Amino acid sequence: MNLRRLSAMVYKEGLQILRDPRSLAIALVMPLMQMALLGYGVSLDIKHVPICVYDQEMSQLSRSITQRFDAAGWFSTVRTLGSQSELSRAMDGGTCIAAVVVPVDFSRRLAATGSAPLQAVFDATDVNTSNIAQGYLLGVLADVNARIAADYRDAHGLRSASLGQVDLQASTWFNETLDSRNFIIPGVVAVILALIGAQLTSLTVSREWERGTMEQLISTPVTALEVMLGKLIPYFAVGMVDAGVCLALAVYWFDVPFRGALSTLAVATALFSLVILGIGYLISVRFRSQLAASQIALLVTLMPTTLLSGYTFPIDQMPRPIQLATLVVYPRYFITILRGIFLKGSTLADLWQPMLGLVAFAAAIVWLAAIAFRKWLD
Amino acid sequence: MNAAADAPVVRVRGLSKRFGTVRAVHSVDFDVGSGEIFGLVGPDGAGKTTTMRMLAGVMQPDSGSISVDGIDVRGDPELAKRRLSYMPQRFGLYEDLTVRENIYFYAELFSVPRRERTERGAELLRAAGLDGFENRLAGQLSGGMKQKLGLVCALIHTPRVLLLDEPTTGVDPVSRRDFWAILYRLRESGVCILMATAYMDEAERCSRLALFHAGEVRHCDTPQGLKAAMPGRLLAVRTARPRAARAAIAGLAGVLGALLMGDKVHVRIDGAEGRSAQLLAALRAAGIDDATVEPATVSIEDVFVALLGERGS
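Going down the list, the protein sequences come from chains A and B.
Counting in the working numbering, the first sequence runs from 1 upward without gaps.
Counting in the working numbering, the second sequence runs from 1001 upward without gaps.
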């Protein structure tokens, strides 16, 4: 390898990035857009789930229960209904995701038998939301039950200790506010790097073939390794800058806690960038048309990063064969590391397993990239 | 001038390349010495570009050998690339880089010493009439200027062998003159130049020519040698109706070929006596009374058509 040739390649590629408005836009504007879109748009929390209440009894007790739904902040009662057919219409029309029906003899049955049913109807077209809403509803009812029990004890002069009762004192670690944004945003860094890195590098070599500059380039003494490094180094710099921008936005704009060491994050980001840029370069060497290269790049980088890395769907909840398959989905290692560093303050020692995974991938991809380029016309 | 006298700088033997079932280049042999401008001429698809690419070490031959300055191009293409310079048919420089950036980029790739880079770059730009355009983007140059910039970039490292694939196609006459002035100077300094060209006037300026046809070199000689080798004698028929005249002559006994050349017809005839008189008689019989017949100066185009066979026209 000759340093003069390498620096000439790096300088040339850098000038081309700076002069191509499209690359510049992808490199600088895309991370901001993506961060805003994913940071604000993607949330797995459900707040103010729209519900309807059909209170057939209209007693003091039934009213005190229905008011509680709103008080918790998880639900908001968008309408009170007067008939069963109105309920059907509200569900069909999507006015609400859940409807609660208080039967006409609710208070009477509760007083007589000590228990009474409440009906809840869920729109399960979105299974996830409906499950979460069901969980919230059970939470509200547990609270209601506790209140009824307490009232009963007070009325009968019993001390609470005389009734056997298990009290769960839950405490959530690492993401104390249970804010899904804290969980999503560290992963956004990976998604943005995957999207931008591979998109940019997937075009660099195929563009030279398409424009005819490659024929002249391969007639010079430049080596395949110099071409690869000359292409990757400038984009590596772009990737690290983008990662820095995303990190700053995550911490200072979205207030995601950052508890680990910046150096650990830098190492992991550099490794992940190498993998992504290497993949983009490999694709670009393989496909000599820009369109094909960018399509394939999207497929092999963004898809696994968003779907199979644990970024949106937890890996432990996937079917066993798919869980095993995710071992080769390189972004999962980076996502694990990101969340560990951001939320848990994990150190390099805690993260040695996913780090090793990234190192292995980076080494393999860079090696493949180094031998892939052939200085021959077909 | 005679390649056989000195050791040839470029030596090609049995060079062949197939694309699927198409024989792009078949068993091509030639030698080129230093200080020669060697022209590759022939119709499109005759194998000129494929030959150039194999010489430049950017395409792998199926068989045969190429040696450049004593280096086996197939065995060590990377070493050979230090000695040669290749200008592809399609503009191969970076349009989003300036003139100076392109020149410096290629200088760096060939490890040209920094001071030489500056001096030689400035000198070549002057010779190409591109001084003053150093900071213009290559993409904003005219076609002729682009080709001259290509030549400057190809020459920045002082190659032993220069490979030019149709370098003046689409270039204005003034730029072509600049281009050739540089080539003549290079030839004097002993550079070996190989050039594919579609222009017959350019072929005329080459020291030797290889006539390509269907992937083979059919004839290889100096322009004078090729003209002398052309079978028959050449006559020029001038008339106001050259097309009709050509039609009247084409089938006659002793006529080897009739080629329309603007307002006249070049007629190649065999050596027998009295052919001019027969021509005039045939023309008059066809109602062409204004025709004159006189001996014509042989051009490379006549040779080209005569040797490769008349097709189409």
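These aren't lab readings, by the way, just hints derived from the structure by calculation.
All figures in this text were calculated on a predicted structure; none of them were measured in a lab.
Please note that the accuracy of each hint is not assured.
List time: in silico EDC-like cross-link candidates among lysine to aspartate or glutamate, alpha-carbon distance up to 20 Å [what the hints assert, rightly or not]:
{"no.": "1", "chain 1": "A", "residue 1": "K375", "chain 2": "B", "residue 2": "E1204"}
{"no.": "2", "chain 1": "B", "residue 1": "K1227", "chain 2": "B", "residue 2": "E1294"}
{"no.": "3", "chain 1": "A", "residue 1": "K47", "chain 2": "A", "residue 2": "D123"}
{"no.": "4", "chain 1": "A", "residue 1": "K47", "chain 2": "A", "residue 2": "D179"}
{"no.": "5", "chain 1": "A", "residue 1": "K375", "chain 2": "B", "residue 2": "E1078"}
{"no.": "6", "chain 1": "B", "residue 1": "K1146", "chain 2": "A", "residue 2": "E210"}
{"no.": "7", "chain 1": "B", "residue 1": "K1227", "chain 2": "B", "residue 2": "E1204"}
{"no.": "8", "chain 1": "B", "residue 1": "K1264", "chain 2": "B", "residue 2": "E1294"}
{"no.": "9", "chain 1": "B", "residue 1": "K1227", "chain 2": "B", "residue 2": "D1201"}
{"no.": "10", "chain 1": "B", "residue 1": "K1264", "chain 2": "B", "residue 2": "E1301"}
{"no.": "11", "chain 1": "A", "residue 1": "K375", "chain 2": "B", "residue 2": "D1076"}
{"no.": "12", "chain 1": "B", "residue 1": "K1146", "chain 2": "B", "residue 2": "E1095"}
{"no.": "13", "chain 1": "B", "residue 1": "K1227", "chain 2": "B", "residue 2": "D1270"}
{"no.": "14", "chain 1": "A", "residue 1": "K375", "chain 2": "B", "residue 2": "D1062"}
{"no.": "15", "chain 1": "B", "residue 1": "K1146", "chain 2": "B", "residue 2": "D1178"}
Going by beta-carbon spacing under 10 Å, a handful of chain B positions derived as facing chain A [unchecked claim]:
{"no.": "16", "residue": "F1030"}
{"no.": "17", "residue": "R1053"}
{"no.": "18", "residue": "G1057"}
{"no.": "19", "residue": "M1059"}
{"no.": "20", "residue": "K1081"}
{"no.": "21", "residue": "L1084"}
{"no.": "22", "residue": "M1087"}
{"no.": "23", "residue": "E1101"}
{"no.": "24", "residue": "L1308"}
Positions of the beta carbon are idealized from the N, C-alpha and C atoms, including for glycine.
Of the numbered hints stated earlier in the document, which are not met by this structure? The structure conflicts with hints 1, 16, 24, although it agrees with all the remaining ones.
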